[in-house]
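Trainee: Chain by chain, the residues run as shown.
Number of protein chains: 2
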Amino acid sequence: MSKKVLIVGGVAGGASAAARLRRLDEEAQIIMFERDEYISFANCGLPYYIGENIKDRSKLLIQTPQAMKERFNIDVRINSEVTAVDTENKKITVRSREKGVYEETYDYLILSPGARAIRPNIPGIDSNKVFVVRNIPDTDAIKSYVDKKGVQSAIVVGGGFIGVEMAENLKERELDVTLVEAAPHILPPFDSDTVVLAEKELSDNGVQLILKDGIKAFEEIGSQIEVTLASDTKLTTDMVILAIGVSPETAFIKNSGIELGPKGHIVVNERMQTNKEGVFAVGDAVEVVDFVSKQKTAIPLAGPANKQGRIAADNVAGLQTEYKGTQGTSILKIFGLTAASTGSNEKNLRKAGIPYKVLTLHPASHASYYPGALQMTLKLLFNEEGRILGAQIIGYDGVDKRIDVIATVLRLNGTVEDLTELELAYAPPFSSAKDPVNMAGYAAQNVLEGRSSTVTWFGYLRMDKSDFVLVDVRSKIEYENGHIEGAINIPVDELRDRLGELDKNKKIVEYCQVGLRGYVAERILKQNGFDVLNVTGGYRSAAALNF
Amino acid sequence: MSKKVLIVGGVAGGASAAARLRRLDEEAQIIMFERDEYISFANCGLPYYIGENIKDRSKLLIQTPQAMKERFNIDVRINSEVTAVDTENKKITVRSREKGVYEETYDYLILSPGARAIRPNIPGIDSNKVFVVRNIPDTDAIKSYVDKKGVQSAIVVGGGFIGVEMAENLKERELDVTLVEAAPHILPPFDSDTVVLAEKELSDNGVQLILKDGIKAFEEIGSQIEVTLASDTKLTTDMVILAIGVSPETAFIKNSGIELGPKGHIVVNERMQTNKEGVFAVGDAVEVVDFVSKQKTAIPLAGPANKQGRIAADNVAGLQTEYKGTQGTSILKIFGLTAASTGSNEKNLRKAGIPYKVLTLHPASHASYYPGALQMTLKLLFNEEGRILGAQIIGYDGVDKRIDVIATVLRLNGTVEDLTELELAYAPPFSSAKDPVNMAGYAAQNVLEGRSSTVTWFGYLRMDKSDFVLVDVRSKIEYENGHIEGAINIPVDELRDRLGELDKNKKIVEYCQVGLRGYVAERILKQNGFDVLNVTGGYRSAAALNF
Ligand SMILES: Cc1cc2nc3c(=O)[nH]c(=O)nc-3n(C[C@H](O)[C@H](O)[C@H](O)COP(=O)(O)OP(=O)(O)OC[C@H]3O[C@@H](n4cnc5c(N)ncnc54)[C@H](O)[C@@H]3O)c2cc1C
Ligand SMILES: Cc1cc2nc3c(=O)[nH]c(=O)nc-3n(C[C@H](O)[C@H](O)[C@H](O)COP(=O)(O)OP(=O)(O)OC[C@H]3O[C@@H](n4cnc5c(N)ncnc54)[C@H](O)[C@@H]3O)c2cc1C
Ligand SMILES: CC(C)(COP(=O)(O)OP(=O)(O)OC[C@H]1O[C@@H](n2cnc3c(N)ncnc32)[C@H](O)[C@@H]1OP(=O)(O)O)[C@@H](O)C(=O)NCCC(=O)NCCS
Ligand SMILES: CC(C)(COP(=O)(O)OP(=O)(O)OC[C@H]1O[C@@H](n2cnc3c(N)ncnc32)[C@H](O)[C@@H]1OP(=O)(O)O)[C@@H](O)C(=O)NCCC(=O)NCCS
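Going down the list, the sequences are from chains A and B. Number 547 marks the last residue of the first sequence (the working numbering); no jumps. Number 547 marks the last residue of the second sequence (the working numbering); no jumps.
The hints are simulated quantities; they were obtained by calculation from the structure and are not laboratory data. Honestly, I wouldn't trust all of these hints.
Each pair may be met inside one copy or between any two copies, as identical chains are not told apart.
What the hints assert, rightly or not - In the DSSO-like style, the derived pairs of lysine-lysine whose C-alpha atoms are separated by at most 30 Å in a straight line are:
| # | residue 1 | residue 2 |
| --- | --- | --- |
| 1 | K507 | K69 |
| 2 | K357 | K324 |
| 3 | K504 | K3 |
| 4 | K149 | K55 |
| 5 | K148 | K254 |
| 6 | K296 | K465 |
| 7 | K263 | K476 |
| 8 | K504 | K129 |
| 9 | K506 | K69 |
A quick note: this is a predicted structure, and the numbers were derived from the prediction, not measured.
Could you build all of it, start to finish, from the sequences and the hints given here?
Mentor: Listed below in structure tokens is the structure:
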């Protein structure tokens, strides 16, 4: 007898599961329920359609119910909300716009209901000038508002990926855009020393940033809306985009006996099975294992949702495929800049109590003698055993490539030594003979093997200034153009001859522009009996931090 | 007592070894001998300087003897050719332009003499209109010839990386360029089904290609030079660039007792040690282990040379770093196109007797709904156990990224399953929720697990046409715009309803545009009891092969 499989949610996880399952099982009866009118749309493209970078709305609709029927013989039921799951009797309740309320039994149930944009319970939140961006109707609403009403300004609340993408895209529509973020910095996957580059790119492109301030209330005033911040600052704007995070859409299974995590996410094992027989769950609605910390977390991203959908289908079809955790590899275009990360950041490692080491480099995107090379900032986190824990890269060309290579090494449980050994493709337009990733590996290996001792600028700030001598090992001209307060200047190339100027009884902290000459200086000093720290990232990192 | 270390060759391997060794050992006496005037130059940039893409000649000189002295306290001796090595008495003979012939003893010797462009012994080869491209003097000669003499045409002999780069760069200088290659195809790292794309790009940009024809003789005729090909075709041109390969510069150690391989490469172990105590060798002059086949080979590339130089220095300094083989990861810009490869190709796997499976995909560089997505051709080679053996990618944006990710998986001995699990960075401008690398993994997994049976177009050509029915599963319009001779058309979306039109007793070979719909069709047919083969790469691959 053929299996009857019901799928709740018809987009990333749900549609992927449906398509894969059909390829594995031509006989199964597959019914996909979608509350809204659209299935299989490009969530990730929505901001770019609003920004008119994507011009053709139909491009957002990857599959239609009709096409899913023809290609995959899936019974797609749109405008059909699943309102309850009865795991005892293996049936669900559906509220259909066309057919009213009915029940449907299942042998297997795959839940991919996703997550909804959080709308905090504050005054004025229900104003129709306060938008969220999750699906096509949301997007249509925002776009037609921006298109027709001659809107001139917008406040984006929340500096996560979607908030930043919306800020950029509304700016592309020539609105005055203010981005309000309650935390000290935007983009939580990044640490404060890298994210400053993203914040600068936003400011440089005219997005006004308000950090460390939340929202307290909205009030419509004529054709505008007034936003009151936690600090009581009042801002007036034509529209508000709310992008302060998402929460799993799992209210409809509250009474099903399906286990939920502390924040309402569905608990699944590595085969995407819930605690209830025959019930699988995937996507934004589930808890996953953080690949680095091995702790439970939730990471709402499209790649994992698609993969999990495929894995759930495999398991329904009898293949024993496993999902081995989420790294949170993510990437973002911010005007001309690219910001990408994988694995953990310092913040999360500290929270998880995982000891780590950190390095910052500013390598060039390709051979610097070939036109167009641009520096990127690459921050690598690794542990005492050399295991890669995470990376953050911000820059221009080639950022996506390097984060993917590091994400790959992380996934394969690789080490710093592996980074040094990677044989990456080199010709002058694409890379250097030692790729930035190799270079990060070398530098990290030097730290692990005791050849180099580094400190970050934040670490430097915590040091007792009377305890050490600060040396700027750049050239005289570079020094004169700006240096860290209190630094003396001994260019690396003069160091061997000027060792006498330094006191062997005092610790030396030294820096160059990016860290490389500082490391060379460190080697000279160390082998001459000095106690040295090289500031990782060099003056370039200090400049980004504005001190 | 401090070590005395001599280094022969002052460019990629030699200079890297010198710099690293100094960082490891401040006390060592390090002398670097370079036969020519220049050290540490960007070999890989030379063609682009001739093409005036790199405008400033000084950019090619990464380090000068003076700078190497100041930064690394290296005694750099240019115009100093090492003519003999006496491994018994640990000394070398040097012929210096300034100081005449002298000897120098060593504790350690690092050889990085590189490889010279092959000049076959044929009539007219010594004409000064026949150039090779290895170093700065070669480059100066070519550039000034192109600049001053009003040269209008060039013949490039040899379709390897350097030949193709020279063809492109001379074309950029608006010369009429003909590329002559003795083999049936250019660019040996690529198989014939992928390299056709590179050949097309050259032709499309006005480079005339002559394949399967060697050179027999040169003869100066007035201000021009006549090239006689093996086929007796005669071509007249203003200049010839000879780029038919390199051979190791090891004549000077012939009598040293240092073991050489069959083609004159220095034999080293994984610590870059030769058979002679204290003597190390690196770079283009050494034999390496092919990372995939584990056989000895020679792969003259800058990344390996730099890495090996660093490893030799490590071992001189007492660190036990090992070199684990070369994959041959390489990349090339060909006008607008990027061609990249890693690991083995079909040709070499067959030669090595290694069984393999092959798939070709044509994924988009990023989400197809976001502007600017371009298809690439991705060929993946893997074995029965799922181990990655090699990949070739030709396309535009994002080719370098995908080859580096696959090269990383290959390096870490990863499998097809690993490809499916990689969590790569996705936002619409950069990739798709299922990255091309994931997609290649999925497709390969389906082959390995028996869900899909594929055939290449070359395999198809070898099949007995009376044995099967050929089905084009694309849409009617696509079929009508061009299809493979003899194919009937049943669009995948109509297949379930039209199964009756197919004979279950006959094998079915089917194809779509790129392979995806073909796979979906295959799943439908297989589960309905048909014996099916899906042609990998689909009609797009067939079109590239011109049939
Ligand atoms: C604006 C935006 C930009 C994004 N950009 C990126 C990006 O660049 N990169 C990236 O990796 N990720 C991005 N994401 C995240 C990505 O889209 C999600 O991680 C992914 O779509 C999650 O898939 P899912 O199947 O869990 O949920 P969804 O794709 O949200 O699908 C869930 C579906 O279930 C339906 N549903 C919910 N409850 C019920 C019910 N009870 N009955 C019937 N149907 C129901 C919903 O209506 C919805 O259509 C973005 C998301 C948004 C909103
Ligand atoms: C035009 C061109 C483009 C290239 N493009 C790329 C590319 O895009 N990507 C890539 O990976 N690789 C590329 N390569 C290859 C790369 O440059 C080499 O693999 C690398 O330089 C090898 O390093 P090496 O130290 O072994 O030899 P080399 O860099 O060639 O250095 C050897 C040096 O030793 C000197 N020498 C030789 N014999 C003696 C002696 N007896 N005494 C004293 N000195 C001696 C030589 O004069 C030479 O300067 C390119 C090479 C060329 C020529
Ligand atoms: C559109 C959608 C239904 C596609 O599901 P899908 O059919 O599994 O995915 P694809 O079209 O990418 O095809 C992938 C399949 O084709 C196969 N394939 C791809 N290229 C192939 C080729 N050249 N040859 C052979 N097989 C190929 C893969 O192996 C895979 O099959 P498998 O899962 O059985 O191994 C689903 O991903 C979706 O709804 N996406 C839109 C929503 C979304 O993801 N939003 C978030 C991101 S914006
Ligand atoms: C120029 C040349 C001498 C450089 O040698 P090098 O000093 O080893 O190389 P780099 O300048 O790239 O520096 C690498 C070193 O800096 C360290 N480093 C790089 N960035 C760093 C940073 N931000 N912080 C700390 N250390 C850093 C690396 O760890 C490495 O040191 P290690 O080897 O001791 O681990 C040599 O590569 C050369 O001659 N190149 C030109 C010739 C050539 O390669 N041709 C072929 C390609 S065109």
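Trainee: Evaluate each hint against the coordinates.
Mentor: Hints, verified against the model:
With identical chains, the CA atoms of K507 and K69 are at most 30 Å apart between copies only, with a shortest distance of 27 Å across copies and 72 Å within one. Taking the shortest Cα distances, K357 and K324 sit within 30 Å of each other both inside one copy (25 Å) and across copies (26 Å). Within a single copy, K504 and K3 get their C-alpha atoms only as close as 78 Å, which misses the 30 Å cut-off; across copies the closest is 26 Å, which meets it. Within a single copy, K149 and K55 get their C-alpha atoms as close as 19 Å, which meets the 30 Å cut-off; across copies the closest is 52 Å, which misses it.
For a Cα distance limit of 30 Å, the shortest separation of K148 from K254 qualifies neither inside one copy, at 41 Å, nor across copies, at 82 Å. Proximity of K296 and K465 under a CA criterion of 30 Å is satisfied in neither setting, with 41 Å inside one chain copy and 56 Å between copies. Neither within a single protomer nor between protomers do K263 and K476 lie at most 30 Å apart by alpha-carbon distance, with minima of 56 Å and 51 Å respectively. Taking identical chains as interchangeable, the C-alpha atoms of K504 and K129 are never at most 30 Å apart, the minima being 66 Å within one chain and 61 Å between chains.
For the homomeric pair K506 and K69, the shortest alpha-carbon distance between copies (28 Å) is at most 30 Å, but the shortest distance inside one copy (75 Å) is not.
When each numbered hint is compared with the structure, violations occur for hints 5, 6, 7, 8.
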